[in-house]
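A.B. asks: Those sequence lines, one after another, are chains A and B.
Residue 1 is where the first sequence starts when you use the working numbering, and the numbers rise one by one after that.
Residue 1 is where the second sequence starts when you use the working numbering, and the numbers rise one by one after that.
Accuracy of the hints is not assured; some may be wrong.
Computed beta-carbon distance windows for the label pairs [as the list claims (entries may be wrong)]:
| id | chain 1 | residue 1 | chain 2 | residue 2 | range |
| --- | --- | --- | --- | --- | --- |
| 1 | A | F513 | B | F382 | 37 to 47 Å |
| 2 | A | E455 | B | K441 | 24 to 34 Å |
| 3 | B | K448 | A | S222 | 26 to 36 Å |
| 4 | B | K448 | A | K244 | 50 to 60 Å |
| 5 | A | N572 | B | E219 | 19 to 29 Å |
| 6 | B | Q215 | A | E455 | 34 to 44 Å |
Chain A stretches covered by chain B per the calculated footprint, using a threshold of three residues with CB under 8 Å from any CB of chain B [to be verified]:
| id | segment |
| --- | --- |
| 7 | 486-493 |
| 8 | 508-518 |
| 9 | 521-529 |
| 10 | 555-563 |
BS3-like cross-link-like pairs, simulated, lysine-lysine; straight-line CA separation at most 30 Å [stated by the list, open to error]:
| id | chain 1 | residue 1 | chain 2 | residue 2 |
| --- | --- | --- | --- | --- |
| 11 | B | K448 | A | K559 |
| 12 | A | K483 | B | K559 |
| 13 | A | K448 | B | K483 |
| 14 | B | K483 | A | K564 |
| 15 | B | K559 | A | K488 |
| 16 | B | K564 | A | K559 |
| 17 | A | K442 | B | K559 |
| 18 | B | K442 | A | K488 |
| 19 | A | K75 | A | K96 |
| 20 | A | K564 | B | K448 |
| 21 | A | K75 | A | K91 |
| 22 | B | K71 | A | K561 |
| 23 | A | K564 | B | K442 |
| 24 | B | K559 | B | K468 |
Don't read these hints as lab results, they were simulated from the structure.
Just so it is clear, CB atoms sit at the ideal spot from N, CA and C, and this is done for glycine as well.
Number of protein chains: 2
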Amino acid sequence: MKFREILNSDEFILFDGGMGTLLQGQGLPPGEMPEIFALCKPEVIVNAHLAYVQAGSKVITTNTFGANRFKLPSKYNVFEVNKKMALLAKKAVQGKALVAGSVGPTGKMLRPLGDVDFEELVDAFEEQIRGLVAGGVDLILGETHFDLAEARAVVVAARRVDASFPIGISMTFEGNTSLTGTTPTGFVLTMLNMNVDFIAINCSLGPKELLPIVQEMLEVSSTPILVEPNAGLPVLEDGKTVFKLEPEPFAFQMLEFAKMGVKCLGGCCGTTPQHIASLRELLSSLKFQKNSAHTSFALTSRSKYVFFGFEHKPVLIGERINPTGKKILTEELQSGNLHYALELGEEQLEAGAKVLDVNVGAPLVKEDKILPRLGFELVKRFDPILCFDSTNFLAIEKSLQIYPGSPLINSISGEKGRLEKLGPLCRDYGAPFILLPLEGKKLPVTSKERIAIIEKMIKKCLDLGISKRLILIDALALTVSSKPEAAKACLEVIKYCTRQGFPTTLGLSNISFGLPARELINSTFLAMAIANGLSSCIVNPNSSKILEIFYTTNLLLNKDKQAKEFVNVFSNWQVGESRVEKK
Amino acid sequence: MKFREILNSDEFILFDGGMGTLLQGQGLPPGEMPEIFALCKPEVIVNAHLAYVQAGSKVITTNTFGANRFKLPSKYNVFEVNKKMALLAKKAVQGKALVAGSVGPTGKMLRPLGDVDFEELVDAFEEQIRGLVAGGVDLILGETHFDLAEARAVVVAARRVDASFPIGISMTFEGNTSLTGTTPTGFVLTMLNMNVDFIAINCSLGPKELLPIVQEMLEVSSTPILVEPNAGLPVLEDGKTVFKLEPEPFAFQMLEFAKMGVKCLGGCCGTTPQHIASLRELLSSLKFQKNSAHTSFALTSRSKYVFFGFEHKPVLIGERINPTGKKILTEELQSGNLHYALELGEEQLEAGAKVLDVNVGAPLVKEDKILPRLGFELVKRFDPILCFDSTNFLAIEKSLQIYPGSPLINSISGEKGRLEKLGPLCRDYGAPFILLPLEGKKLPVTSKERIAIIEKMIKKCLDLGISKRLILIDALALTVSSKPEAAKACLEVIKYCTRQGFPTTLGLSNISFGLPARELINSTFLAMAIANGLSSCIVNPNSSKILEIFYTTNLLLNKDKQAKEFVNVFSNWQVGESRVEKK
Ligand SMILES: [Zn+2]
Ligand SMILES: [Zn+2]
Ligand SMILES: [Zn+2]
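Bound-form chain A, shown alone (with noise of 0.2 Å):
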């Protein structure tokens, strides 16, 4: 039995419930770490998972939930404990049920929300899992995580062992949020790009109040769900932390989930075997359906998400962190400065920008160094979305890992060995990245040889197990005054990608080189693209034209309902105006 099998068959998953109450029960004594009682007492451990087999748990989970270099006492291996506690699940489980090797936070937290940086909670986590493998755990679980570069960090250092262990990632929401701003939505998004097998909720509320989260990331979801909830809500008894909702209730209020689409359940705290064989009495009555939700393309930060399709508003992505032309920005750049840069991002952040395309390249300056520095500092400050745009791979690795969520990569052409370098970095990271169909020397001027490229690139991105959602392409918006049947070319291709389900992006301003009228040529390119689906586009936010056309086929196809922003934007518009105000 292999855990894709079953993730893939149309059967519900039982998962465990929680291992506190039953080990407090076998002298778990207060305050001392689950994984050191369990080292002096395996039998302890042993006969909870096979309570939880007797149960009905396919999936059992290991007692690792700490065993972390941060939080285990620095007398203990980290890889030895962890492997030790994989080895008493399989023993416990004789072949029964799997195993999924447990990974709770470290305690740390990224900087700057605390002091450790990615690549030590990416070692952490690969000691640990390294362990659980070694010790035969046949998928990883990331647990009640609650911040969500720490749950990237756990991906990363997964595939790090093994690019192709099955992984799945719960987090935790208190309301409607992780406890550092991570929506449900946003959750979703970011695992969806790193391709992890199932994602899921944890902890913290009972079914009941879970239902409005599991509710929201069914409808991005298309992968797989677990939800394991607390027996209830916690109640103070005899100053202990207690959970009483009766394995008969709480079975009742699980079967909602799973009427809903919920393909695995299981529990949290105070649930124990009894709350499992109530649920799977009631699930056997009922017969599993596939939660069907189609998901766009999508970028995330910690607090923020932002789809890309013809049915969402097409997306600004903000230029101007580019010191081409740029004299005073080169200059400080140069010099390490950060000041103007930043004031870029946030006046193209006010001028309605969801995305920040963020380039430091210029002589004399180290984009490894300046790159991930600069997102740093747009990070702290504005938790803004970000496009790390850059033809250096070392800037782009450490800004992929500085960025607490799925940043946009700008971008990767079809010139040789650039996708097969770039790439997997991208797909490790669950970067969504800008395909560009360039490749030798010679434009592609017609939509026939951009599609040729485009179909190419796309061959060899699904050969290096990059996922489709990874993927927006750039149209090519070249320059009409040299190639005057690029325009309509490029067109071509926006319908081609809106066809095939890409979304796609262009640098507008390139189209419009050479001619008077720039503004004028962009923005009507933009509306006819847009016509055609274009997703998203590379401009100056603070241009009054581009805003027009934005709000103007928002209202158009639309996006914007009860013409709400338009009549905003507009209600005093002339024919003639030069700005867009917003009020």
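We have chain A already, so just place chain B with the ligands on it with the hints.
C.D. replies: Positioned in the frame of chain A, the structure of chain B with the ligands alone reads:
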């Protein structure tokens, strides 16, 4: 043997040559009409026809070129003369060739060029054609016409006698246009709209000189072409005009036409049975290759034409001659004063409108009088391409009679009975029309509803014998403030029609009703619609925003070679500019 069968075969069709030389040799006195001469000496004409049949002609032409009420002395009965000549021809051919009933010009011109009305011409031709049909001709051949209005009258007359009777019309060109200014392309387009069986050119020049004109015709005609040149250029000899191109060189030059895709070949002045025999000889070694020109939807006036379609610039149809909301225009039209309406026409043509919509619908305005009168005055002054916009059947019919070309009819809706009534009128006059997908009281908001109505109406058109090329589809610009999904639906309808090969139009301004910044909405929607294939729109051509979109989309879709127009119009454009200056 039926004419349409041999027209659809993959063989060339040999027509006959001139009669003059033959009849003069048999005693036709100078200045006497050949028709009158033949009444006395029927055997002469029978022998002449016979000589052509023996030379290889598969279609010979009746001796009725001038046999109409305006040219025949009044003592002759037009019907009987034509019937008699047809019978003589049928007798001569003995079933070995088909007989074309020749219908030449009346020598009269339509007002204001001359002093007859369209209906007088149609009556005269109808009388003549009735005689020809009674005498048993197999097809009607309008010959040597030089005015488009008169050529149209021949077709309309023939349709009245028998709507399904085969007919071809031949025009004669002096240099680049006919005597009254029609170009070969304008002539072909008008005849394609009238759905004639073949389109011809005859007389005036020898084969060599007709070459570029025939080339032009072949480029736009998907209908078979007949070419009947003179035997070279005329030469004055002893005070007489003679044609000296000998049979063999004539035939040799004619071979060029055959190679280019001309289906039917014959001769005009100065050609003899020997010319035809030589031609037959040469043709026998050649295989007919069908000319495969594809021709877009087009409108014509006497001297102008305009194509509609994605490969052409979008056509701006000036909307301003419309009394709705215009107090002065309404009052003037009520009093029969056309001054302001004519001014609006001139002004819109100067602004770049290629077609003028003419609507005089207002209380107390007699549309059936005023619409054709205004059309007549516009034609007299500007020879514009017109769009007659009325719900009054009689007004449309009379307007079709004063107009020397293929005007647009605005519009035929899916309202019960409307297509059945107006459709055949448009068909018989070769008038393209706007198909308006409205039926019943409910507005079709979704594209699905609109497309269903369109498909139903197109089927009905075909059932009524209305050619596909007369159909211009209104994609319906409904008001987005009340129907938010309507603009998107409209774009989908445009895309659908473009895919199906139908041109489209829009009454643009309706879309923004009730919203601020209406010109911004209208112009942005125009860009989006053009990007989806819109072929034309009904607009105020004086709007600077509309013209910005017009010129910019032409540039972007590579319809403005070397960006000439764009640079000319916008070289000093500034953001916020409210005028479009043309130099
Ligand atoms: Zn818990
Ligand atoms: Zn002639
Ligand atoms: Zn002739």
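A.B. asks: Count the residues of the segment 486-493 of chain A whose CB lies closer than 8 Å to any CB of chain B, then report whether that count reaches three.
C.D. replies: Answer holds; 3 residues pass the 8 Å Cβ test.
A.B. asks: Given the hint that K559 (chain B) pairs with K468 (chain B), test it: the Cα-Cα distance must not exceed 30 Å.
C.D. replies: holds (26 Å)
A.B. asks: Quick check: the segment 521-529 of chain A, covered by chain B? Criterion 3+ residues, Cβ under 8 Å.
C.D. replies: holds (count 6)
A.B. asks: Does K91 (chain A) sit within 30 Å of K75 (chain A), going by the straight-line distance between their CA atoms?
C.D. replies: holds (26 Å)
A.B. asks: Compare the distance between the alpha carbons of K564 (chain B) and K559 (chain A) with 30 Å, and conclude whether the hinted pair is satisfied.
C.D. replies: violated (37 Å)
A.B. asks: Taken at face value, is the distance from the CA of K448 (chain B) to the CA of K564 (chain A) at most 30 Å?
C.D. replies: The hint holds at about 27 Å.
A.B. asks: Range hint 50 to 60 Å: satisfied by the CB atoms of K448 (chain B) and K244 (chain A)?
C.D. replies: holds (55 Å)
A.B. asks: Given that the segment 508-518 of chain A was listed as covered by chain B, double-check it with a C-beta distance under 8 Å for 3 or more residues.
C.D. replies: holds (count 4)
A.B. asks: Given the hint that K559 (chain B) pairs with K488 (chain A), does the C-alpha gap stay at or below 30 Å?
C.D. replies: holds (10 Å)
A.B. asks: Looking only at beta-carbon atoms, does the pair N572 (chain A), E219 (chain B) fall within the given range of 19 to 29 Å?
C.D. replies: This hint is violated: roughly 52 Å between Cβ atoms.
A.B. asks: Assess, step by step, whether the Cα of K448 (chain A) is no farther than 30 Å from the Cα of K483 (chain B), and give holds or violated.
C.D. replies: With Cα atoms ~38 Å apart, K448 (chain A) and K483 (chain B) exceed 30 Å; violated.
A.B. asks: Just tell me: holds or violated, for the beta carbon distance of Q215 (chain B) and E455 (chain A) against 34 to 44 Å?
C.D. replies: holds (41 Å)
The structure fails to meet hints 2, 5, 13, 16, 18, 19 and 22 from the earlier list, while all remaining hints are met.
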